[in-house]
Each structure stands twice: as structure tokens, then as C-alpha cells.
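Undergrad: Just so you know, the sequences run in chain order A and B. With numbering that gives the first Met the number 0 applied, the first sequence covers 0 to 91. With numbering that gives the first Met the number 0 applied, the second sequence covers 0 to 289.
There could be a bad hint or two in this list.
One side only, chain A facing chain B, incomplete, derived with CB under 10 Å [unchecked claim]:
no. : residue
1   : 44
2   : 48
3   : 62
So, partial list: chain A residues that the calculated Cβ filter (under 10 Å) puts toward chain B [to be verified]:
no. : residue
4   : 67
5   : 68
6   : 90
For the record, the hints were derived by calculation from the structure and aren't laboratory data. From a predicted model like this one, the values you see are computed outputs, not experimental measurements. We put the beta carbon where it would ideally sit given N, CA and C, even for glycine.
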Amino acid sequence: MDLSWMAWTWPTAAFFGSIAAVLVGFTILAIRYPETPRVGVLGIETTRGDRLFITLLGSAFINLGWLGLTDLPQWQALILCALYAAAVFRWV
Amino acid sequence: MNRTVNQKAWFLVLPVLVLVAFSAVIPLMTVVNYSVQDSFGNNQFFWAGLEWFEEILTSERVHNALGRQIVFSAIILAIEVPLGILVALSMPKRGFWASLSLVLIALPLLIPWNVVGTIWQIFGRVDIGLLGWTLRNLGVDYNYTQNALDAWITVIVMDVWHWTSLVALLAYAGLQSIPEAYYQAAKIDQASRWSVFRYIELPKMQGVLLIAILLRFMDSFMIYTEPFVVTGGGPGNATTFLSIDLVKMALGQFDLGPAAAFSLMYFLVILLISWVFYTVMVNLDRRGER
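Please take these sequences and the hints and turn them into a complete structure.
TA: Written out as C-alpha cells, the structure is:
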């Protein structure tokens, strides 16, 4: 199968690969350890998957903000994302 | 909580997943790939890193389009929501006239976007259009192809004409669900018309109005066809909203990289709004169940 029209690069492939890995991981977690939704600081019911979605979407905005507002190296935004992820999984 | 856990039904979703993979996921991946590269055609790509994202984030052109987009969405919401409520309040509640007005009000919603655009494009022309010609002969200096303000007014009036019906229909549905007893109680208390609206009708319409506002916001935020057909984004860039600007960049200038970065950010914003929309609706439903 020729995928050259999709213009793959190693970084983007790695990016999608890790997203896919996280999705698979969370699916396995959900099957192994079923959970009941809980209500967090946002006042909405969330499951693990919801919190993952909020984390990923928020991280995208954090990265864009980092790129647009600071001149610091981009990888440092990932530290902030990790803190954000921890906060989301703890309190949302 | 004792819920039976049975996740096998998820397999039934597989055909949809395959469809979505081909229609959305694979194209989206391609856009992500484009966004970090530069191309001069011929399917040859050169690594550009985050350059395009930075360019779009600091681009005055995109900022201006975003500003116009927000102003446009704000204006049409400020007009359509109160107007829709007003229309719903003045519609008959039952009988022949109720059905007739429902059908009449729903008509604009049935017209395809590009046809709406064409209708208003001709309607507003000063040489042959009813509106443009009449205004011109009344001495109003109206020309949507040359005057930015006229173009804005035309596009906004067109959107109001096309979509107020949606708000009206939703608000009407909300009004219909209020039991007669509420009105009788209000009458006994000698409540004014305003109090009836403020303390009975508005709280009961809250759910549907929220849906109407979110729907209209999202739709207007992604608007393309109607303004494109009427003004083509002009005069100058006066009515170039986000999606029109995006198409200009991607197809007009064939700047695949920047356009891909632009559309990804646009997509993220839409995704965020959709998520808020979905969450609010689900939580409203839950509150309704309790």
C-alpha cells in the first residue's frame, strides 16, 4: 500500500502512535478495572476516558499557547501538560 | 451502584468506525502531516517543524479573520435569540394557524445554503434585485459589492432570515411544554406579562435556548457558503470569515502547510466548543431526569 500521498514524517507518526497507544491502554484499563463516573471540580460526571479527552484537548491548547506566547523551547510545554494532566486526573 | 457491565455492543459500532476512519481520521492525519511540512507541489515535502503554527498564531491576517468571525457570531446571536423568542411568543398555540405558522417558519431552514446565498446575492443587487433596486430608488446609497458596511448588513440580515426560524422553533417547543396550570396560577396572582415571561416562560425555555445558542454559535463560527456566494469575502477582506480565509489560503494560494496548521487550530476550537455543547446537553438531561 502506497501511503506517500499522506506525506508521513517520523515525528507525526510517533505522535499518532502514542495517541493510539494511550487509547489502547485506556481501553484495556476500562475492561480490566471498570469504574463508575464521578463528579469533580467542573461539576460534571467524568469517567477516565473523559478525563483523558480533557487532558489531550487542554494539552493541545497549552502547546499552542506556549508556541504563541513564549520563546522557550517547545518541549518545556510538555512539563506544564504533565502537571495539567495530573491535576485533571486528580480533581476533574 | 449495580450496573451490569456488558461492552460487547461496542462491536456493533465497528462499521461506523471504519467509515469515520476513511472519511475523517485519515484525512485529519494527512492534515497533521502537512502542517509540519512545506510543499511546492509534485507531492514533495520538506520538514518545517512548528514554523507554520507560529506563523498562523502571529499572523495579522488570521487575527483579523478571527476578529471578524467573533463579531459576526456575536451580532447574529444578539439578534437571532431575542427575535426567535419574540416570534415563538407571538405564534398561536394550537389549531390550524399554529400548524400553518410552523410550516411557514420552517421554510427558510429547508433551503440549501448556496441557494440562500444566491437568493440574497440577487435580491441585494442594485440593478436587478428587489431590495437593492428599491433602496437605490429610495435614495439610499446601498451597494454590498463596494461598501463594507452594506456587505456586513446584507450577510447578517441573510443569516437572520435563514436561521432565526431555528431559534423560534426550539423556543416554541419549550413554550409548548409548559402546563396550562402555570399560566392560571400566574393569572390568579395577577402577574404582569413581563413576570410571566421572566419567571415562568424563560426558566422553562432555558434548556432549549441553550441548545439554540450553542447550535447557532457553532454554525455561525463555521459559516462559509452563504457569505462566500454573496460577497466572496469582499469588498476587500471585509467579510472574509475564518473558513473563507482558510479556503483562500489552502486552495487559492495552495499554501498547504500554513493552511493545514490553520485548519488544525480551527478544528481544536470547534472541538472544544462541541465538547462544551455535548457536556452541557448531557448534564441538562441528567438534571431533567432527577
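Undergrad: Now look at each hint and say whether the structure bears it out.
TA: These are the hints, each one checked on the structure:
Annotation: interface hint on residue 44 of chain A holds; nearest CB of chain B at approximately 7 Å, less than 10 Å. The interface hint given for residue 48 of chain A is broken, as the beta carbon of that residue sits about 12 Å from the closest beta carbon of chain B, more than 10 Å. Given the 10 Å rule on beta carbons, the hint for residue 62 of chain A holds: about 9 Å separates it from the nearest Cβ of chain B. A hinted interface residue such as residue 67 of chain A counts as satisfied when its beta carbon comes closer than 10 Å to some beta carbon of chain B; here the least separation is about 4 Å, so the hint holds.
Hint on residue 68 of chain A holds. Least Cβ distance to chain B is approximately 9 Å, under the 10 Å limit. Annotation: interface hint on residue 90 of chain A violated; nearest CB of chain B at approximately 16 Å, more than 10 Å.
When held up to the earlier numbered hints, the structure conflicts with 2 and 6 and fits the remainder.
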